[in-house]
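Number of protein chains: 2
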Amino acid sequence: MTAQQPKPQPEVGPSRPAFAIWLGGTNEITRMFLAAGKVPGLINMAGGLPEPDTYPVKELAEIAERAVSKYPQDSLNYPPIEGLPDLRDRLAARFSNADLKLSRENVLVTSGGMQALDLIGKVLLNEGALIAAQSPTYLGAVDAWRPRRPSYRLFSPEKNDFDPVAALTGAQFAYTVPNFSNPTGRLVGLARRQELVDAAHQSGTWLVEDDPYGALYYDGTPLPRMITLSGAKQSGAIYDGPLVYMGTFSKEIAPGFRIGWVIASPEMIGALTIAKQGSDMCTSGLSQRVAVDALDAGLLERTLPVILDVYRHRRDALCAAMEEHLSQWFDWEKPVGGMFVWATAKNPAMDTDKLLSEALKAGVCVSPSSVFDPHGEDRRSIRINFTLNTPDRLAEGIRRLATAVKAIGLD
Amino acid sequence: MTAQQPKPQPEVGPSRPAFAIWLGGTNEITRMFLAAGKVPGLINMAGGLPEPDTYPVKELAEIAERAVSKYPQDSLNYPPIEGLPDLRDRLAARFSNADLKLSRENVLVTSGGMQALDLIGKVLLNEGALIAAQSPTYLGAVDAWRPRRPSYRLFSPEKNDFDPVAALTGAQFAYTVPNFSNPTGRLVGLARRQELVDAAHQSGTWLVEDDPYGALYYDGTPLPRMITLSGAKQSGAIYDGPLVYMGTFSKEIAPGFRIGWVIASPEMIGALTIAKQGSDMCTSGLSQRVAVDALDAGLLERTLPVILDVYRHRRDALCAAMEEHLSQWFDWEKPVGGMFVWATAKNPAMDTDKLLSEALKAGVCVSPSSVFDPHGEDRRSIRINFTLNTPDRLAEGIRRLATAVKAIGLD
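Chains as they are written, first to last, in my numbering: chain A, 1 to 411; chain B, 1 to 411.
These are calculated hints, taken from the structure and not from any lab test.
Glycine residues also receive a C-beta, built at the ideal position from the N, C-alpha and C atoms.
There could be a bad hint or two in this list.
Claimed, not checked - What the simulated footprint calls covered on chain B by chain A, stretch by stretch (three residues with Cβ under 8 Å from a Cβ of chain A suffice, anywhere in the stretch; the number is not a length): (1) 180-189; (2) 350-358.
As the list claims (entries may be wrong) - With a straight-line cut-off of 25 Å between C-alpha atoms, the simulated DMTMM-like cross-links for lysine to aspartate or glutamate are: (3) A:58 - B:127; (4) A:70 - B:296; (5) B:361 - B:309; (6) B:406 - A:51; (7) A:58 - B:86; (8) A:70 - B:51; (9) A:70 - B:62; (10) B:70 - A:51; (11) A:70 - B:86; (12) B:70 - A:86; (13) B:58 - A:51; (14) B:70 - A:53; (15) B:58 - A:62; (16) B:334 - B:296; (17) B:58 - A:53; (18) B:101 - B:267; (19) B:346 - B:373; (20) A:70 - B:53.
Stated by the list, open to error - Ranges between beta-carbon positions, derived for each pair: (21) A:316 - B:304: 54 to 60 Å; (22) B:15 - A:301: 37 to 43 Å; (23) B:24 - A:301: 52 to 58 Å; (24) A:390 - B:310: 22 to 28 Å; (25) B:334 - A:151: 37 to 43 Å; (26) B:297 - A:392: 37 to 43 Å; (27) A:53 - B:297: 26 to 32 Å; (28) A:190 - B:24: 56 to 62 Å.
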């Protein structure tokens with residue numbers, strides 16, 4: 001061994017091989033936010049984190065014990081790449097309805113919703129390929145696809161002159177968050193959903209329906225999923241259309257399990273499975289078995305009303321505080337669900353990257369619009385989260401944000 | 001809603017966008033094996049699966065319960081991208097020694113060992129970049145890097161004329177499995193380890209030390225890790241050299257948790273962390289907390305002797321059966337550790353892809369050498385696993401394999 005030898009002086013060695021090109025363009029703001037979130041006293045309204053008090057800790061602890069003791073073959077072995085058959089069956093059943101026939105072959109279990117985005121990029125993007133993306137666009141999706149250095153065509157379904165066929169045609173896939181878009185919190189209405197689905201069938205383009213917030217409707221009746229509208233256009237056997245639906249337990253039960261899923265045609269599930277094999281082989285068997293048993297125990301049905309009450313109250317508190325302190329500078333719509341309010345400055349000269357640095361000095365953190373623009377240009381808006389903080393903290397955060405806006409010195 | 005509308009006939013729509021180019025070259029043999037493993041009566045000696053009877057189920061069930069009930073903030077929230085600080089600290093302590101100073105900043109927790117390979121490809125490979133790889137090469141690594149369509153320079157450390165500097169210079173990284181290589185089960189000796197480390201320091205090339213089997217020494221004293229040899233060349237602060245060490249709990253406790261790790265310079269850990277953020281955001285908090293508590297409870301120290309006894313006995317049983325039934329056609333070395341015996345046909349005309357199809361007919365599955373050759377050319381060897389089956393099943397499997405060899409009809 002070498003322990004007895006005197007250590008030589010450090011070599012001045014040759015330089016290391018360069019990192020891959022895409023790393024040069026990485027946006028580190030999410031990580032800055034995670035770090036900022038640990039600063040004492042800072043009010044973090046930037047992330048999309050759930051309220052930990054809503055987690056059903058006692059029941060989950062019992063379920064975790066049982067997942068190992070009763071199902072060691074599921075929880076301790078390598079699960080199949082596609083996921084535990086029990087979990088795939090539960091998810092197929094959950095999302096099936098009169099218009100949408102699903103079987104196990106339509107379901108891939110993923111390691112959180114983020115992995116579903118990574119895998120879609122892996123199977124559909126050659127270097128520089130075209131993505132059609134709902135604008136503004138979820139930062140995590142842009143991060144997931146950056147290594148393939150794609151090009152983007154952005155579209156806004158809420159605009160009057162929106163042309164879905166023109167938006168989709170020629171892209172490898174179109175990316176949408178129809179329920180309470182991250183970052184805007186907006187709903188894509190029923191008519192637009194139908195138009196997007198029709199355009200996907202007409203153009204052949206894969207249509208990704210990313211739906212982490214689909215259970216978080218605080219008012220009104222949930223709109224039909226686009227994959228259901230697509231299923232209605234198909235007769236016969238199990239779903240085989242162009243919709244690629246993504247969901248996650250992170251916003252419904254707890255994010256720490258890292259359980260997400262993709263529901264799509266068996267052809268797409270097959271391609272994603274090959275990609276997953278080379279990404280992480282399979283998702284934690286323990287987490288998957290806990291998910292099955294949590295579903296079977298009715299945990300979703302018991303927990304969701306609690307979550308909805310807490311978040312509805314916080315949304316209302318946030319919007320009331322914004323009305324009081326921010327309405328002279330910003331416009332926003334009160335969202336019907338989700339986790340965020342999107343506020344756009346009345347003054348087009350506003351630079352919310354600058355506002356963020358003032359906000360951090362004032363002790364509050366929000367997300368600037370630049371990170372949700374694949375081209376990095378939009379500087380006029382902010383995304384404000386309302387799920388993590390109590391109503392009092394939300395109000396204090398908005399007061400601090402108003403201080404930061406004043407420091408910017410715009411009318 | 002659409003449920004009341006009559007369903008139209010299926011459209012004959014336009015074709016979907018093509019999948020990414022790399023999917024055309026995918027090797028599906030691992031998945032074929034997984035499927036074959038479920039055929040009743042088939043003896044699966046192809047995979048690298050642990051013996052489930054060695055899992056400490058009762059203790060792990062208690063630990064899982066406690067991970068949720070006592071540490072919900074760790075197990076149920078989003079963990080940091082890099083991993084739970086407690087787990088990073090435990091791993092830094094475990095691999096530190098007199099020659100190697102490690103801190104939390106040297107450690108990234110990954111979702112199994114496979115993710116570590118994926119992330120290395122993500123941060124170091126532009127399309128077509130050069131990898132120097134120990135030959136034959138682990139199939140999973142080839143799978144992980146295929147989406148970047150790399151080129152390979154293969155090297156064999158056991159050859160007399162091996163030139164480590166020539167092997168490494170100009171490659172983005174060099175890939176090695178020094179302890180009981182998958183597939184060959186061979187050890188890279190101490191002198192060669194030192195030469196590889198010296199070559200990495202001299203050339204600047206990153207040197208990946210993939211070590212899933214490092215705890216599975218059945219005979220003799222473990223050789224020093226290459227990252228330790230590299231640490232001995234550096235004085236002063238925490239490790240900052242060219243070694244990238246990868247490990248996993250899959251072979252030590254149980255694979256279902258999907259907990260692996262990378263130990264490397266903070267610069268490399270930083271790049272891998274950015275890549276991980278866009279891959280799965282973070283690894284299951286529940287699995288990570290279980291890993292911390294399993295380490296703290298001394299589970300590794302208690303479980304490992306049991307595993308070693310079982311596997312040593314099975315290795316001996318396999319080699320005895322091979323001596324009896326296969327020695328007229330194949331040569332092999334009895335491995336000192338790991339999970340595999342690598343057998344090479346005496347007759348260079350042997351085609352082990354063909355042997356596999358005969359073996360499946362005879363009711364046994366082994367891995368042909370073609371899948372461990374990034375160029376797909378090596379047809380002369382087979383990899384035989386000895387950890388999953390009992391000695392009786394191993395002997396029966398080898399008898400079936402001998403039947404398949406006879407059916408091939410080579411001398």
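Verification of the hints:
1. 180-189: Answer violated; 0 residues pass the 8 Å Cβ test.
2. 350-358: violated (count 0)
3. A:58 - B:127: Violated - the C-alpha atoms of residue 127 (chain B) and residue 58 (chain A) are around 48 Å apart, more than 25 Å.
4. A:70 - B:296: holds (24 Å)
5. B:361 - B:309: violated (32 Å)
6. B:406 - A:51: Distance of about 65 Å is beyond 25 Å: violated.
7. A:58 - B:86: holds (23 Å)
8. A:70 - B:51: holds (18 Å)
9. A:70 - B:62: holds (12 Å)
10. B:70 - A:51: holds (18 Å)
11. A:70 - B:86: Roughly 28 Å between the alpha carbons, so the hint for residue 70 (chain A) and residue 86 (chain B) is violated.
12. B:70 - A:86: violated (28 Å)
13. B:58 - A:51: Judged against 25 Å, a Cα distance of about 32 Å means the pair is violated.
14. B:70 - A:53: holds (14 Å)
15. B:58 - A:62: holds (14 Å)
16. B:334 - B:296: violated (35 Å)
17. B:58 - A:53: violated (29 Å)
18. B:101 - B:267: holds (15 Å)
19. B:346 - B:373: holds (19 Å)
20. A:70 - B:53: holds (14 Å)
21. A:316 - B:304: 54 to 60 Å: holds (56 Å)
22. B:15 - A:301: 37 to 43 Å: holds (41 Å)
23. B:24 - A:301: 52 to 58 Å: violated (44 Å)
24. A:390 - B:310: 22 to 28 Å: Once the Cβ atoms are compared, 53 Å apart, the range 22 to 28 Å for residue 310 (chain B) and residue 390 (chain A) is violated.
25. B:334 - A:151: 37 to 43 Å: violated (55 Å)
26. B:297 - A:392: 37 to 43 Å: holds (41 Å)
27. A:53 - B:297: 26 to 32 Å: holds (29 Å)
28. A:190 - B:24: 56 to 62 Å: violated (39 Å)
Checked against the numbered hints listed earlier, the structure breaks hints 1, 2, 3, 5, 6, 11, 12, 13, 16, 17, 23, 24, 25 and 28; every other hint is satisfied.
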